[in-house]
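Q: One letter stands for each residue in the lines below.
Protein chains: 2
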Amino acid sequence: MDSEIKIVLDACGGDNAPDEIIKGAYEALKKKDNLHIIFAGPEEEIRQKAEAYPDMPTDRVSYCNATEVIEMAEPPVKAIMHKKDSSIVKGMNLVKNGEADGFISAGSTGAVLVGGQLIIGKAKGVKRAPLAPVIPTMNGASLLIDCGANVDARPEHLVSFAKMGSIYMENVLKKKNPTVGLLSIGTEEEKGNALVKQTLPLLKECSGINFIGPVEARDLPFGVADVVVTEAFAGNIALKMYEGTAKMLMSVLKESLTANFRSKIGAAMALPSLKRHMKAFDVSRYGGAPLLGLKGLVVKAHGSSKAVEIKNTIFQCMAFSKEDIIGKIAAEMNKEEQ
Amino acid sequence: MDSEIKIVLDACGGDNAPDEIIKGAYEALKKKDNLHIIFAGPEEEIRQKAEAYPDMPTDRVSYCNATEVIEMAEPPVKAIMHKKDSSIVKGMNLVKNGEADGFISAGSTGAVLVGGQLIIGKAKGVKRAPLAPVIPTMNGASLLIDCGANVDARPEHLVSFAKMGSIYMENVLKKKNPTVGLLSIGTEEEKGNALVKQTLPLLKECSGINFIGPVEARDLPFGVADVVVTEAFAGNIALKMYEGTAKMLMSVLKESLTANFRSKIGAAMALPSLKRHMKAFDVSRYGGAPLLGLKGLVVKAHGSSKAVEIKNTIFQCMAFSKEDIIGKIAAEMNKEEQ
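If you read the sequences in order, they're chains W and L.
Counted the way the numbering used here counts, the first sequence spans residues 124 to 461.
Counted the way the numbering used here counts, the second sequence spans residues 124 to 461.
If you're looking for bench data, these hints aren't it; they were derived computationally from the structure.
Watch out, some of these pointers could steer you wrong.
Which copy is meant is left open, so a pair is good if it fits within one copy or across any two.
[Claimed, not checked] Cut-off 27 Å, straight-line C-alpha distance, at most; resulting in silico cross-link-like pairs (BS3-like, lysine-lysine):
1. LYS299 x LYS314
2. LYS327 x LYS207
3. LYS320 x LYS201
4. LYS398 x LYS327
5. LYS155 x LYS458
6. LYS129 x LYS146
7. LYS207 x LYS314
8. LYS201 x LYS172
9. LYS299 x LYS429
10. LYS207 x LYS172
11. LYS155 x LYS418
12. LYS201 x LYS451
13. LYS250 x LYS402
14. LYS299 x LYS418
15. LYS206 x LYS314
16. LYS327 x LYS172
17. LYS250 x LYS320
18. LYS402 x LYS370
19. LYS418 x LYS172
20. LYS201 x LYS327
21. LYS387 x LYS370
22. LYS250 x LYS298
23. LYS387 x LYS445
24. LYS327 x LYS206
25. LYS314 x LYS418
26. LYS377 x LYS327
27. LYS327 x LYS445
28. LYS314 x LYS370
29. LYS245 x LYS172
30. LYS172 x LYS458
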């Protein structure tokens with residue numbers, strides 16, 4: 124049997140907490156014998172709900188009592204500093220102290236980012252810890268790095284994102300020799316802002332990555348590169364535009380297909396094929412967005428995560444831990460420092 | 124009758140030149156008695172094609188012979204400096220010299236931007252001339268300003284974009300008291316990069332615009348603001364991500380609806396409703412993207428423009444000219460300077 128992996132789950136974070144969080148954990152525990160879950164949250168309530176599953180493997184479940192909740196709208200630095208008894212602060216401390224292998228939250232992105240940096244801390248040689256969601260594409264999936272952790276990054280930060288992202292895609296998503304693109308406003312090298320122009324020569328010279336040059340946002344949904352490197356402000360805008368456009372078009376599609384009797388019949392006939400094709404874009408199977416470059420593993424699950432996303436995020440953490448991504452990133456970053 | 128408006132059309136620009144350009148001009152000429160079109164391009168070829176329309180109003184068509192073509196991949200500054208006999212350079216010179224009211228090209232965006240600034244020049248008091256495409260939304264349309272003219276803009280430039288964009292939306296798209304949002308990575312004021320944080324207080328204090336605060340990319344497709352102000356790099360990424368995501372989803376939708384016999388029948392039944400709903404997102408009716416803040420009118424039509432887009436871009440230019448947007452922007456910018 125593989126060695127035990129302990130994951131802390133923020134039982135208070137996200138739109139569907141705690142029920143879907145607990146359900147996701149339950150489903151993951153049933154599949155993986157070497158998984159141990161620690162729920163961070165109000166112990167009594169969580170225990171009661173968890174033990175309501177008759178076949179919950181209670182010997183592989185424990186609790187970290189936390190009485191405070193960090194709300195989505197709270198200023199993150201203040202929340203992390205003051206809410207010492209919150210599920211995020213207490214849960215992250217378990218990772219920091221080596222009592223758990225990873226931490227997952229579907230709660231406040233800001234608090235997860237700040238907590239990761241302040242409580243767990245950056246690994247030696249890492250200057251910025253990027254948030255790196257996996258986005259679905261026509262080709263499979265791409266890693267968009269950074270999407271919200273560090274605005275106003277410098278060229279050397281983007282180079283380290285390219286390295287960390289390549290390690291993640293190669294080892295967790297099992298993409299051999301992943302391609303790396305630099306997000307820009309044209310594929311020609313003379314286009315782009317000052318940051319892109321300064322970063323380009325550094326990425327070209329960088330050994331150990333498969334750099335393919337500047338890539339355009341319009342090609343991201345088609346999977347133009349496995350790792351798309353960008354500063355967090357632009358990355359966040361690309362990610363949110365992707366989500367927003369897909370959501371808007373799906374709502375128009377739904378509205379048009381249910382508009383009248385004829386369209387409803389048509390929709391019913393086309394639905395199986397439509398669902399089959401759309402399934403490829405279901406990002407839930409890739410889990411959440413890891414915060415890379417920390418001393419411990421932190422993953423931000425989507426705020427709207429249901430049990431299936433939580434389960435897959437747990438599996439993602441297990442792969443991350445098993446493949447020793449933290450060790451591999453540390454080795455790469457310290458090679459860079461010499 | 125309204126006074127005559129003369130528009131120069133780059134007959135060499137875009138994927139469908141010259142045929143669709145000529146057709147679009149023909150259709151516009153049939154609708155508007157006060158329109159005069161000047162085709163910039165190889166005169167003999169264009170004249171032959173234009174006069175092949177038996178009822179072409181030849182008294183309202185003239186030609187500006189241009190023997191060179193600026194290719195899409197050419198470095199724009201060099202192209203504008205050296206290709207003096209290109210349709211873009213010669214066409215823009217007509218606007219500069221007051222021989223035409225506006226210039227439209229579906230060719231190289233870079234060359235149009237550079238040519239606009241170098242040949243026609245910025246209006247007094249304007250420090251940056253932004254490119255401002257109209258994007259379709261669930262609410263109608265929004266102006267995304269700037270989308271490619273000026274990377275690395277400063278806060279005062281963004282304030283002038285807010286003013287110019289408001290004038291355009293109010294007068295050309297007839298949106299009363301248009302709302303202005305600042306593109307950011309959250310609606311909270313503490314989020315965003317340095318540029319956003321420095322621009323926010325300036326926009327709040329700015330009189331004459333209807334500023335509603337920071338807006339998120341995910342809300343753009345839903346029409347969160349009439350004018351979305353942003354620096355060109357982020358704006359271009361938002362625009363291209365919008366285009367790319369829509370294109371990708373439409374191709375998946377098409378593939379899924381034609382996948383088998385059953386889905387094809389369903390699609391055929393649902394299609395009328397689907398087409399009706401999707402029509403709202405047809406951006407062609409808003410014309411091209413104006414380059415605002417110049418001494419003369421320059422509009423970049425989409426590279427893939429067909430006759431209908433060209434026709435609508437001509438109508439947009441006529442509204443722009445009739446409403447004296449250039450005069451209104453100049454008045455606003457010079458008020459600012461005092």
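Q: Each of the hints needs a verdict: does it hold here or not?
A: Okay, the hints, checked on the actual structure:
1. LYS299 x LYS314: Result: close neither inside a copy nor across copies, 29 Å intra and 36 Å inter.
2. LYS327 x LYS207: neither (44 Å within a copy, 36 Å between copies)
3. LYS320 x LYS201: Classified as between: cross-chain Cα gap 19 Å, same-chain 36 Å, threshold 27 Å.
4. LYS398 x LYS327: neither (41 Å within a copy, 46 Å between copies)
5. LYS155 x LYS458: neither (35 Å within a copy, 69 Å between copies)
6. LYS129 x LYS146: Answer is within; shortest intra-copy Cα gap is 17 Å, inter-copy 68 Å.
7. LYS207 x LYS314: between (47 Å within a copy, 23 Å between copies)
8. LYS201 x LYS172: neither (31 Å within a copy, 69 Å between copies)
9. LYS299 x LYS429: So LYS299 and LYS429 fail the 27 Å test inside a copy (30 Å) and across (42 Å) alike.
10. LYS207 x LYS172: within (24 Å within a copy, 76 Å between copies)
11. LYS155 x LYS418: within (25 Å within a copy, 68 Å between copies)
12. LYS201 x LYS451: For LYS201 and LYS451, the Cα distance exceeds 27 Å both inside one copy (32 Å) and across copies (46 Å).
13. LYS250 x LYS402: Answer is neither: 37 Å inside a copy and 48 Å across each miss the 27 Å cutoff.
14. LYS299 x LYS418: within (25 Å within a copy, 54 Å between copies)
15. LYS206 x LYS314: This pair counts as between: shortest inter-copy Cα distance 21 Å, intra-copy 45 Å.
16. LYS327 x LYS172: neither (53 Å within a copy, 48 Å between copies)
17. LYS250 x LYS320: both (21 Å within a copy, 23 Å between copies)
18. LYS402 x LYS370: For LYS402 and LYS370, both the intra-copy (15 Å) and inter-copy (18 Å) Cα distances are at most 27 Å.
19. LYS418 x LYS172: neither (32 Å within a copy, 69 Å between copies)
20. LYS201 x LYS327: Between. Shortest inter-copy distance 26 Å satisfies the 27 Å Cα cut-off; intra-copy 40 Å does not.
21. LYS387 x LYS370: both (20 Å within a copy, 24 Å between copies)
22. LYS250 x LYS298: So LYS250 and LYS298 pass the 27 Å test inside one copy only (26 Å; across, 47 Å).
23. LYS387 x LYS445: neither (48 Å within a copy, 46 Å between copies)
24. LYS327 x LYS206: neither (44 Å within a copy, 33 Å between copies)
25. LYS314 x LYS418: between (36 Å within a copy, 25 Å between copies)
26. LYS377 x LYS327: neither (45 Å within a copy, 38 Å between copies)
27. LYS327 x LYS445: Classified as neither; 31 Å inside a copy, 51 Å across copies.
28. LYS314 x LYS370: between (30 Å within a copy, 23 Å between copies)
29. LYS245 x LYS172: neither (35 Å within a copy, 66 Å between copies)
30. LYS172 x LYS458: neither (47 Å within a copy, 65 Å between copies)
In the structure shown, a violation is registered for the earlier hints numbered 1, 2, 4, 5, 8, 9, 12, 13, 16, 19, 23, 24, 26, 27, 29, 30, in ascending order.
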